[in-house]
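Read off the chains here:
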Amino acid sequence: MASSFNLGDTDILQAQRRADSLIFKFSGVLKNICLALFVLSLFFTGLSFLGVFSFVASIRILTFFIVFFFIFSELNLFLKTKVSNPALEKGLAEAVQQGSNQNLAEFLTIESVEIVLSAIKFCRKRKLTEVPASALLYGALDVSKQARYIFSRLGIDIVSLQGNIKNSLEKYKKDKRFVEFFPEDFNLAMLEAGKVAVDRNRQRIEARDILVGISSLEFFEEILIENDLKIEDFRNLTLWFDYLEKKLKERKSFWSKESLSIYGSMGRDFATGYTITLDQYSIDWRRIVKNWVFKAVIGHGQEIEQVQMALAKPQANNVLIIGEAGTGRDSIIEGLARRAYLGKSLPELNHFRVVELDMVSLLSQINDIEKVESILDQIFQEAFTAGNVILVIKEFHNYVGLDESQPGMVDISGVLGKYLKIPEFKFIGITNYNGLHTRIEKNPSLLNLFEKIEVGDVTEEETMRILQNLSLELEPRYKVFVTYPAIREIVKLAGRYIPSKPFPQKGIDLLQDVIVYVSRSTKDKVVLPEHVSKIISVKTEIPVGKVESEEKETC
Amino acid sequence: MTNNIIITWFFWHFYEAPIFLLGVWKNFIGFSVELFSTPLLLKTFFSPWRKYNWSYPRGLDVGKILETFTSNLFSRLLGALVRTGLIIGGVLFQVFILVAGLAVLVGWICLPAICLAGLLFFLRII
Chain A
1 MASSFNLGDT DILQAQRRAD SLIFKFSGVL KNICLALFVL SLFFTGLSFL
51 GVFSFVASIR ILTFFIVFFF IFSELNLFLK TKVSNPALEK GLAEAVQQGS
101 NQNLAEFLTI ESVEIVLSAI KFCRKRKLTE VPASALLYGA LDVSKQARYI
151 FSRLGIDIVS LQGNIKNSLE KYKKDKRFVE FFPEDFNLAM LEAGKVAVDR
201 NRQRIEARDI LVGISSLEFF EEILIENDLK IEDFRNLTLW FDYLEKKLKE
251 RKSFWSKESL SIYGSMGRDF ATGYTITLDQ YSIDWRRIVK NWVFKAVIGH
301 GQEIEQVQMA LAKPQANNVL IIGEAGTGRD SIIEGLARRA YLGKSLPELN
351 HFRVVELDMV SLLSQINDIE KVESILDQIF QEAFTAGNVI LVIKEFHNYV
401 GLDESQPGMV DISGVLGKYL KIPEFKFIGI TNYNGLHTRI EKNPSLLNLF
451 EKIEVGDVTE EETMRILQNL SLELEPRYKV FVTYPAIREI VKLAGRYIPS
501 KPFPQKGIDL LQDVIVYVSR STKDKVVLPE HVSKIISVKT EIPVGKVESE
551 EKETC
Chain B
1 MTNNIIITWF FWHFYEAPIF LLGVWKNFIG FSVELFSTPL LLKTFFSPWR
51 KYNWSYPRGL DVGKILETFT SNLFSRLLGA LVRTGLIIGG VLFQVFILVA
101 GLAVLVGWIC LPAICLAGLL FFLRII
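These protein sequences, in sequence, are chains A and B.
Be aware that the first sequence starts at 1, since it is given in the numbering used here, and climbs by one per residue.
Be aware that the second sequence starts at 1, since it is given in the numbering used here, and climbs by one per residue.
Isolated chain B, as found in the complex:
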């Protein structure tokens, strides 16, 4: 460790800590993807809602076939609708994580300048 604490602090504040924050940011991005599972939602977009699925009857009962088809169609549409909501929610959350992460990172790097500006403001210089 260098004897000069100022140089050590400079290195830590502007290099080591931002690398750590980038790691944390990456974890949160991974968490937001995992929480909403957007890729899985897209993959199963038209799958029946909560696996509600009706089997088609044997024989040629057109009424029953149509009824089952309609039920299954609604199940899939309902699934798509709810998934759309969650995908939108997920995208918004991911955008928030991206923006918040960037804000924290920029805020951290600018923290010394922010503190200096704050002190100058307090001392009525600004």
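Bound conformation, chain A alone:
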């Protein structure tokens, strides 16, 4: 393949050189220093009123620091928004379509340029006759934060990997002087990186795209196999990195419509009724979902759509969610609550509050059945008149079709039935198949008022993503770092050894157990597959992991 990759005369290389110049490179640090000194000089200006310093001199110093704070802030902003992102003459998709004839160097980001420069520098130093793709990996591990983060998540020792790549590069053909020649594997990797970037709707090739581009090459596959990983694992991890970056970007963009919509609306709430009794015995999911940072509802997208459609119907607006505990039934409610809160649901549901009626709390506080019914009637009346409530009752089968009264259970079908017929009353009941068949189906007239929505299975891939996001929330709390292989092991072993629970619950439970174990019972700070095997062995009393393989060997 003829090489068309040429960094030499590209705008992005020029941008990288500018970004590397002293004035831009340190603008961020200098900005912060100037701000700190400005605050300090404010203190001295205050002292000047006591006659300790000259007032005019202190004002001049104050002006100096604020002016330089503005200058460095502007330089930093100019670097981030303009210099680092020079205009492109054509789109990356078009360039990738043209394949090897196109110079893909134009489409690199500054971080990607630094990777290529580091690779070239390495090869130049050793007077190699070409810049092989493996030098790109060396360069990525040398200069790219993204690459280092991804490899840390993979649980691969970066120093040792760099050493191995260095040794393999030493074996390449050398000459008296270095030749900047990009061989076929380099160009193939860049083309693949370009395709990945296009697939992920990017205009430029990020560092992680280069890594994915290299991942299909033989030497990289060997590295992955050595570490018990597959190319899919690597791709999944970079996809997760994309998600993280998107979330962090959204969080930083406080001025965006989505970020501002988090604050809700005071005026709209004034047009709705109070729910005083309901508030005493309920959980407002709006308060929970508004603070989500990394959390997202993964899977169940179709079920959320179905629930929305059912609740927005002009007639009966009641939904019965049917699925076994642990299949992610609650995540459907969370997804609905989040969409409604952000105004991203259907117009009929936007800005509605999703409120879970805590029946357990209600029944534990009041024993008198008649009083319970009277309070429930009041609650349903409030939910209906408020005009912005979607009421949720979990384990709905515990409260309908009861043959006789049992502790902690009460038949509410009589009280609820009259409200379920009102179109403005929006209700979601959550139950399982056993509850549906043994209790709810006993009352066909009640069942007819509901639209039944069955909860589908969460796949292992979706569970992986759920656990990856959950680990981000748990890591700072327990001060541990969860590797990707550990999460993969959790899904694999939970699927094999915990048949009693469905995904994603068994994965979530196991992840929590493993993190608590590593944090509290070991001196380790990194959660590895061995820790998962250990916990599974303890829970199931079946030797798994290294122990299992050792036993196999002795047999």
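FYI, nobody ran anything at the bench for these hints, they're computed from the structure.
Do not take every clue at face value.
So these bits of chain B aren't anywhere near chain A, every CB distance computed over 12 Å [as the list claims (entries may be wrong)]: (1) T38; (2) S47; (3) G59; (4) L60; (5) D61; (6) K64; (7) I65; (8) N72; (9) L73; (10) L86; (11) V95; (12) V99; (13) A103; (14) G118.
Pairs of lysine-lysine residues, derived as BS3-like cross-links and limited to a Cα-Cα distance of at most 27 Å, are as follows [stated by the list, open to error]: (15) A:K246 / A:K295; (16) A:K31 / A:K230; (17) A:K230 / A:K25; (18) A:K173 / A:K125; (19) A:K176 / A:K145; (20) A:K523 / A:K492; (21) B:K26 / A:K247; (22) A:K249 / B:K51; (23) A:K31 / A:K247; (24) B:K43 / A:K252; (25) A:K290 / B:K64; (26) A:K246 / A:K290; (27) A:K534 / A:K230; (28) A:K145 / A:K313; (29) A:K371 / B:K51; (30) A:K257 / B:K43; (31) A:K344 / B:K26; (32) A:K80 / A:K25; (33) A:K82 / A:K174; (34) A:K127 / A:K166; (35) B:K26 / A:K421; (36) A:K313 / B:K43; (37) A:K127 / A:K173; (38) A:K80 / A:K127; (39) A:K525 / A:K295; (40) A:K313 / A:K418.
As the structure is a prediction and not an experimental result, all values here were calculated from the model.
All C-beta atoms, glycine included, are put in the ideal place defined by N, C-alpha and C.
Fit chain B to the supplied structure of chain A, relying on the hints for placement.
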């Protein structure tokens, strides 16, 4: 990208960045309208406060009818009163957003001149 960084900066500072700031300003104006929902408050100005509404009794019990009428009237008046407060608050907030947005935009455009004036002041030229 033009090779001249000064021209690039000039274009960015006086054209691209102000367009971005106008977008941000627009988002904040939308946010202020959404936060107070002024159009909705005006539309529901005389609606009962928090939907507190009493049904009129059946039959011709004048006392009860008058009592219900008074209660409903007070509910509507209370609603109008609170909404008036929120509308005033909303208008003030929107005016603040408008003024602050304009100040930021003008401040940004004049930033090079402000910095230059500040430096001259520091150097005791002004």
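Query raised in the report: Out of the numbered hints, which ones does the structure contradict?
Result: Violated: hints 1, 2, 10, 14, 16, 17, 19, 22, 24, 25, 28, 33, 35 and 38.
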